[in-house]
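Now that you have both chains on their own, put them together as the hints suggest.
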Amino acid sequence: MRGSSRTDHRRGRLLWIGLAAPGAIWLLVLFVLPFYAMLSVAGGGINAFFQTSVPIWNPLHWSTANLSMVWSNIVGSGAFIGPAMLRTLIYTGIAALLSLAIAYPVAYFVSRYAGRRKALYLVLLIAPFWVSYMMRMLAWIDLLQQGGFFNKALSSVGLPGNTDWLGGKSVTVILGLVYGYIPYLILVLYAGLDRIDGSLLDAARDLGLSRWRTFWRVTVPLSKPTIIAGTFITVLPMIGDYYTNQLMSAAPGTTMIGNVIEGQLEAAGQTGQGAVLSLMLLIVLLIPMIYYVISTARASREYA
Amino acid sequence: MHPREGWSEGGIRRRPEPDEGDAISRRQLLGAGAGVALGALLAGCGSSGGTGGTGGAGGGAGGATSSSGAASMSGGIPLARPNTPVKWPIYSSNKPIASGLKPEQNATLQIYNWVAYINEAVIKNFCKKYNCKYQLTTFNTMSEAMAKLGTGQLKFDVFIPTIDVLGPLVESKLIRPLNQSYIPNIANAWPDYRNPFYDQGWQYTTPYSIYTTGMAWRKDKVNLAPSWNMPWEGAKYKGKVALLDDYREGISLALLRDGKLDLNTTDPAQIQAAGSALAQLSSVNIRIDNNDYTDVPTGKTWIHHAWSGDMAASYQYLPKGTPIDVLGYWTPPDKKAPVNNDLMVNLTGGANPVLAHLFINYMLDVHNAIENYTYVGYMQPLTAVTAPRLIKEKLLPPQLSSTVVLPSYFREGLLELELPESANLAWEDTWNKFSKGL
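Protein sequence lines, in the order shown, are assigned to chains A and B. Residues in the first sequence are numbered from 1 upward in steps of one, following the working numbering. Residues in the second sequence are numbered from 1001 upward in steps of one, following the working numbering.
Bound-form chain B, shown alone (with noise of 0.2 Å):
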């Protein structure tokens, strides 16, 4: 469910300038991670013991619940959906860092992060006017940093974490709430992100990049009007035609193709009938990867099931003489596609709270945040950070304006959340049939 999932160190460090025609140090990662999957690290939390959990979420205690959509109790944690917000507990144990102290001396700010996914640039500058030193540090899947997060052996300050796993995080007393006092940069946010469904009251998180999920096409070979369907579709474009490497996204596909909206469905015919409409795509050869910023631009594929943050990107990788005006980016106007975002916390085993704030704050500066949009491609859900603005600034050629994520989407779209344990297993193992299995 994130974009960066497996992707490998050693791949892009900076984008290439747009003549450069660098187009092969994306493709350098090892990207594509099959099967994937860290939508449920949630999923069936049996050990949590006891319900922590209060607020909204008070639906039946332990197991899930059939009804798809609705907030239900996993082993305790509650499962934040839109109609039903989560407001997290603050514990005795872990209580926010005092206001108005002062940030640490000779310090080494620790950030734990996905690949290629900040600007290298904005943590120095940080360093510079708070004089600390950096070291970031990555990660491949969400699997993998809660897994050794979960060991307690690390000292990181600052982590990107998934909605769906920010429960077990609290829970566990992993993240550390915030002091807003050090926030003030908050208000540059979308005025969502100061009460979202997943913390309300921004307890413990501010947003970091939001973005859609749609279907990237080349206009010059692809005589189809855009829409979910466009992979059944394909059959004149046989070995053009690709979805995203990515369990949610791949089902999410199918199940929106035919206007079923609840991207969290626990319903095993849907989940069900979502696989079979995907069988149908071996008939056009279907090919399953997540290099849709560089697919498309160089015409190895055609119609491919895309992230806005990376298509965002993907003009940057057209060949020499390829017109910008190729490249198609749609999200449903209708807003009624996937839609997702990533957050920044403060995690307890770091040495450095008070710098752990203060990044938490830079990184929501307007300026700070376009910085880091020109290296990461994916967008923060910033008031001033609009579509005619990067592309007066020519950070975004206009014909890929839709890439860009309006504030009402993450009121209307779909998010794809964490699943009872027993629906992500469902979906895995539709996913897993088709993807690997034809």
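For reference, chain A alone in the conformation it holds in the complex (with noise of 0.2 Å):
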């Protein structure tokens, strides 16, 4: 009887093993490597003929002369990626926030009070996906010119509707990224809010709670880990967007980290720059992510 179980359980574990290679291997193929040829860019040199960056493999013989440049670019004399990163927190940070009082309204009625109509507004909530990112941005130039339907619209009600909004402004930007981002944001509040047992609510209310404080008290500490996943979700590609910025502003004035790499990217012989500031804004990333694995880690163990 023991033996066999013990078989079996061998066999189950073969099974999980044989079941997760795929996405191992999937993982060491697209993230491992490819983060590995990151860094031996960042370590290597130029070829001085062509102006093109020349990856150095082994860990033994990196550079820092990238590295060092870099640094001296952020806080030497003449820096001008410190501002850009500067403006990339305060940009994604204020983004994050408005989407957050933004999505977790539509997120709790839809998970609490749509009722019958709870799958029409998933799809609702979903069709933005539909469309690709880049012509839900290109959709808004129009929207926000001078003329546009935007300027109208404020101007319908009494507001002053002549404002530039594609002249190179901050506010913008950062609207752009809200925009753009928070879908996900809504999604992921849902799945979490929805998973919370309603039995735990009644109970409250019962014990005499109420509902402002039932909320407080119960649905947003049981919907903490959803609000930092989703706030991850969201941020994460806020921070390294370039895309949204160039399209609303293109202002040197609002640049973001995400258009200093990019700009490393396209000049001839600042790959291994551009590199070296990747792996720098992957670094800073990853600390509120050790963060959000050693906070869900606990939330599961007290909640188990």
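Hints should not be assumed to be uniformly reliable.
Claimed, not checked - Just so you have them, the derived chain B footprint on chain A, three or more residues with Cβ under 8 Å:
1. 40-50
2. 246-255
3. 277-284
Quick caveat, the hints were computed from the structure, so don't treat them as lab data. Yeah, the Cβ is synthetic: ideal placement off N, Cα and C, and Gly gets one too.
Here it is in structure tokens:
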């Protein structure tokens, strides 16, 4: 009896390893290898003949030339990357808060009050994905023009309707980021909120909590991991985004880190610096990621 | 240094008909690669080893000279300049093909070109005539193209490079000297192209597109006399002023505004002064993009640093009801404007050298060149392609005749050529600080 259960167990384990293999290979080929290639470019040199980057594959021979070049552009006297980094933090911070403020009520409504129309609302939420991100952003150019619908709508309700939204304004970039990534956040929040056991809320009400206090004391704490996950899913692409910015503003005064990296990748002989900057960004983004993993692990232990 | 820099595939496949109102199609381009740069692929060719280059550019070997404008040796490859022309060597291991060969049969002609920079209808006609197939492969930046060609793995026949990469192409034997007997249509090109300073005796190249840089503006919105100073005078037009996203063009604009005519300067003081001049533009909330051809007609931008070939196509993006008269393109009448042209070359890696020669010849045919123009917007320097002709054939509205480049521009205009490495770094650095740092 015990023997056969052990072989079952072993067979089960082999099965799971087999099932995990494609994913693991996928990760290895499409994440680990490119990541290593990026390191090799960052630590590599330049082909002086063609001004193209030459990756160095042996870590022992990596050079720090690109790193020190980037570093001097971040903190040195003529630094221009530092301000772009700061701007990126501020823009994505505001955009994330704004997204949350808009997305949470929407997701809450759909999960708790949509009733039989839940499917319809979900379809409507997913609908933006049917249109390519680029097209959705391009549509804003026409809407935001000086004689465009947005300005007309503003002036029809008595607000100043001649704002040049596309003239290099920070607010346009931030709103563009919010618009572009908010569907992801709503979907994640919806999935999390929908999973909250309704009987917990009933219990809270039975024990005398008001609707408001039930929300604050039960729903919000239970949805905390979802909020964190959703925020990451939206903030990570926002931080690296360059196209929204290029389209909505294109002014030097609104440059974000993604634009700097893009510029370096297109400049002859600066690919290595672009790789360094991308890696720096990755390391910075890893910190909240690790926090997320720890906090969800802790949360699942608490609720287990 | 190229209008197609950073264009992505999936953009325009053809130009919209004038009444189609299809402005979005060009906008789809991920255009506007920031920072940009293909300029100095050549700069500082430390590894080239030996002085392969002969000819007029015999200057001080190795390293940049600081005297601006003078052709100098950079690690062995001469920097071609109008006043110090270069005649490239013909290597014994890389000779032209023999005369009188038959075109390859059952062949696939491989063309390597910028995105949206050739009319495929013209290639199809060529293939009908010579009974071949073709494959068009595109690149977004000259650095990308050179990196891929440098691997030696690609089998392309025809390539459309910029002038500044000619040195590395010749010295690495990536391109084959032309057998001129296959290319009688060179007679259609401006006479200068039979002996251009960058390739004396046109041993390796024929010209492709030529274009000027200037200022585009909305005559109905902007009340300024056109000049290089327009962006700096644009305080009234805050948010409506844009520069081209290109380090060579951007810094050249500031140099020209201050009357500096050496657009290949290596003088740090001049480059720095140009950077400071650009920095003043933050007061007009300057934007940086390459959408001159859509943003001026649609009114998103009123003053745009622009390329002639883009503006030649711009009227097709005017919203319904807006007359063509509102569009203006200015380039200085004294011809002191940036002028650049591209090249057609035969790559050694390709399997069809004869077809490649015939194709290069085919593109120099006046009829084919004009058919190509209807799609690309950039003209080829052929004597018969003139403003009156393009206007008469209704391919260009008379209001935009200033976009047509005259033969004298090639002689008297200001070419943006390859810089020595240290100077190129200074140019790139100055531009980065302006375009990304304000």
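### Query
Are there three or more residues in the segment 40-50 of chain A whose C-beta lies closer than 8 Å to some C-beta of chain B?
holds (count 4)
### Task
Report holds or violated for chain B covering the segment 277-284 of chain A, Cβ cut-off 8 Å, minimum 3 residues.
violated (count 0)
### Message
When I compare C-beta atoms, does the segment 246-255 of chain A have three or more residues closer than 8 Å to chain B?
### Response
holds (count 7)
Violated hint: 3 only; the structure is consistent with all others.
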